[in-house]
Amino acid sequence: MSDHDHHHHDDGHGHDHDRPLSGPALRVKALESLLVEKGLVDPKALDELIDTYETKVGPRNGARVVARAWVNPAYKQRLLADGGAAIAEFGFVGRGEDIVVLENTHKVRNMVVCTLCSCYPWPVLGLPPVWYKSAPYRSRAVIDPRGVLKELGGGIADDVEVRVWDSTAELRYLVLPERPAGTEGWSEEQLAEIVTRDAMIGVAEVTVPKGNRR
Amino acid sequence: MNGVHDMGGMHGMGPVEIENNEPAFHSRWEARAFAITVASGYLGKWNIDMSRHSRERMPPVEYLAATYYERWLFGLEKLLAEQGLVTAQELQTGRAAAKAGVERVLRVPDVANYLRHRIRTRLNEGAPPKFKAGDRVVARNIHPAGHTRLPRYARGRHGVIDRDHGVFIFPDTSAMSGDKKPQHLYSVRFAARELWGPDASARDSVTVALWDDHLDPA
Chain B
54 MSDHDHHHHD
64 DGHGHDHDRP
74 LSGPALRVKA
84 LESLLVEKGL
94 VDPKALDELI
104 DTYETKVGPR
114 NGARVVARAW
124 VNPAYKQRLL
134 ADGGAAIAEF
144 GFVGRGEDIV
154 VLENTHKVRN
164 MVVCTLCSCY
174 PWPVLGLPPV
184 WYKSAPYRSR
194 AVIDPRGVLK
204 ELGGGIADDV
214 EVRVWDSTAE
224 LRYLVLPERP
234 AGTEGWSEEQ
244 LAEIVTRDAM
254 IGVAEVTVPK
264 GNRR
Chain C
695 MNGVHDMGGM
705 HGMGPVEIEN
715 NEPAFHSRWE
725 ARAFAITVAS
735 GYLGKWNIDM
745 SRHSRERMPP
755 VEYLAATYYE
765 RWLFGLEKLL
775 AEQGLVTAQE
785 LQTGRAAAKA
795 GVERVLRVPD
805 VANYLRHRIR
815 TRLNEGAPPK
825 FKAGDRVVAR
835 NIHPAGHTRL
845 PRYARGRHGV
855 IDRDHGVFIF
865 PDTSAMSGDK
875 KPQHLYSVRF
885 AARELWGPDA
895 SARDSVTVAL
905 WDDHLDPA
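Chains as they are written, first to last, in our numbering: chain B, 54 to 267; chain C, 695 to 912.
Hints were generated in silico from the structure; no laboratory data involved.
You may find that some hints are simply not true.
Taking lysine to any residue pairs in the SDA-like style, the calculated list, with each CA pair at most 25 Å apart, reads [stated by the list, open to error]:
| # | chain 1 | residue 1 | chain 2 | residue 2 |
| --- | --- | --- | --- | --- |
| 1 | B | Lys203 | C | Gly891 |
| 2 | B | Lys82 | B | Leu180 |
| 3 | B | Lys263 | B | Ile209 |
| 4 | C | Lys826 | B | Arg232 |
| 5 | B | Lys97 | C | Ala791 |
| 6 | B | Lys109 | C | Arg810 |
| 7 | B | Lys82 | C | Arg746 |
| 8 | B | Lys160 | C | Val796 |
| 9 | B | Lys203 | C | Lys826 |
| 10 | B | Lys263 | B | Glu246 |
| 11 | B | Lys160 | C | Asn714 |
| 12 | B | Lys97 | C | Val796 |
| 13 | B | Lys82 | C | Ala775 |
Between the sequences and the hints, there should be enough to build the whole structure, so can you do that?
Below is the structure:
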């Protein structure tokens with residue numbers, strides 16, 4: 054059975070106002086108005102929660118952490134020793150305060166999954182993408198990490214060790230990818246621009262986009 | 695529980711498909727489902743473990759067919775009903791029979807602070823560790839009908855303590871009765887071949903975060 058997470062049924066894909074609500078959209082609307090009527094939720098607080106994860110918290114946070122670790126050896130040391138505390142230096146705190154940072158090297162590749170649900174380092178990466186929460190990734194990452202990596206376009210050499218981390222506790226993992234060659238002399242800000250979410254989950258490497266080569 | 699949510703190692707789920715430039719939410723209803731769930735958590739009537747367990751109890755066929763936030767919706771309705779915040783009839787009719795008597799409701803000024811502190815599972819209590827880094831352990835072969843964070847693929851398997859993270863709430867009891875049962879949490883490394891047999895790479899491993907009550911000395 055394939056996972057249907059990515060189909061999103063007939064939810065309108067951002068066109069909620071253009072067609073009649075159906076299925077889950079209708080159910081959520083009914084539940085929200087019931088909770089408001091019961092005095093259990095405040096719609097303005099709901100807007101604020103959504104805005105936080107749509108505009109304020111996302112993988113750009115993690116990218117700044119990674120870039121600093123690349124240019125600042127003392128910071129990197131703090132980050133690997135106590136991820137949560139070093140990340141809090143940026144003001145990125147909250148759900149998942151115990152963050153363990155996993156360093157990739159040319160001999161070790163780390164890859165993060167949550168086989169049981171969808172645990173993910175919200176303060177540094179925001180909300181998890183659909184594929185991370187989907188049955189294909191959750192089922193395969195632990196039994197066939199090399200197959201998954203290959204399928205995602207980044208096959209891995211036989212002599213590289215793959216360490217998969219299953220997020221079964223209130224520990225969150227952030228992968229510190231390898232700094233790509235050709236970025237010598239780049240500023241922290243420039244480096245942050247090329248760090249991707251997928252690299253910080255451990256399913257991709259950071260590469261220098263063609264336009265950025267100098 | 696040996697539910698379908700415990701997916702590690704299953705076959706046949708299809709390819710992993712990454713969507714480029716994926717938005718935080720794919721539709722307004724997903725955003726609202728997310729927000730009412732997080733805001734309801736602020737009411738303080740359940741913990742994160744109960745919340746996870748509510749979603750795991752979705753019937754397997756529905757769970758597999760549902761999108762992510764449909765599972766959240768299922769879990770939220772279950773928790774609201776179980777905690778007596780909303781009646782089955784109110785859920786059915788969508789009309790409130792009476793106001794709920796709750797002590798605190800999430801308001802805009804509290805949102806940032808709530809997100810900052812919403813999950814506290816590390817405890818400062820001094821429960822002694824049963825293991826230390828380097829110890830060989832075996833994950834218990836247990837099959838509780840309730841919530842557990844010990845995935846099926848690791849049960850009965852031998853591993854090594856990679857590090858001790860200190861004392862945390864034990865989710866398996868926290869989800870069922872609210873009992874925190876403070877104990878040490880460890881990163882336990884299992885060789886890929888120990889988990890998956892001789893076809894797995896000899897170099898690879900899976901590290902699982904497990905608690906004292908999941909482990910025995912090997």
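So, going through the hints one by one against the coordinates:
{"no.": "1", "hint": "Lys203/B to Gly891/C", "verdict": "21 Å, holds"}
{"no.": "2", "hint": "Lys82/B to Leu180/B", "verdict": "22 Å, holds"}
{"no.": "3", "hint": "Lys263/B to Ile209/B", "verdict": "22 Å, holds"}
{"no.": "4", "hint": "Lys826/C to Arg232/B", "verdict": "33 Å, violated"}
{"no.": "5", "hint": "Lys97/B to Ala791/C", "verdict": "23 Å, holds"}
{"no.": "6", "hint": "Lys109/B to Arg810/C", "verdict": "13 Å, holds"}
{"no.": "7", "hint": "Lys82/B to Arg746/C", "verdict": "22 Å, holds"}
{"no.": "8", "hint": "Lys160/B to Val796/C", "verdict": "54 Å, violated"}
{"no.": "9", "hint": "Lys203/B to Lys826/C", "verdict": "36 Å, violated"}
{"no.": "10", "hint": "Lys263/B to Glu246/B", "verdict": "13 Å, holds"}
{"no.": "11", "hint": "Lys160/B to Asn714/C", "verdict": "28 Å, violated"}
{"no.": "12", "hint": "Lys97/B to Val796/C", "verdict": "18 Å, holds"}
{"no.": "13", "hint": "Lys82/B to Ala775/C", "verdict": "17 Å, holds"}
Hint compliance for this structure: hints 4, 8, 9, 11 are broken, all remaining hints hold.
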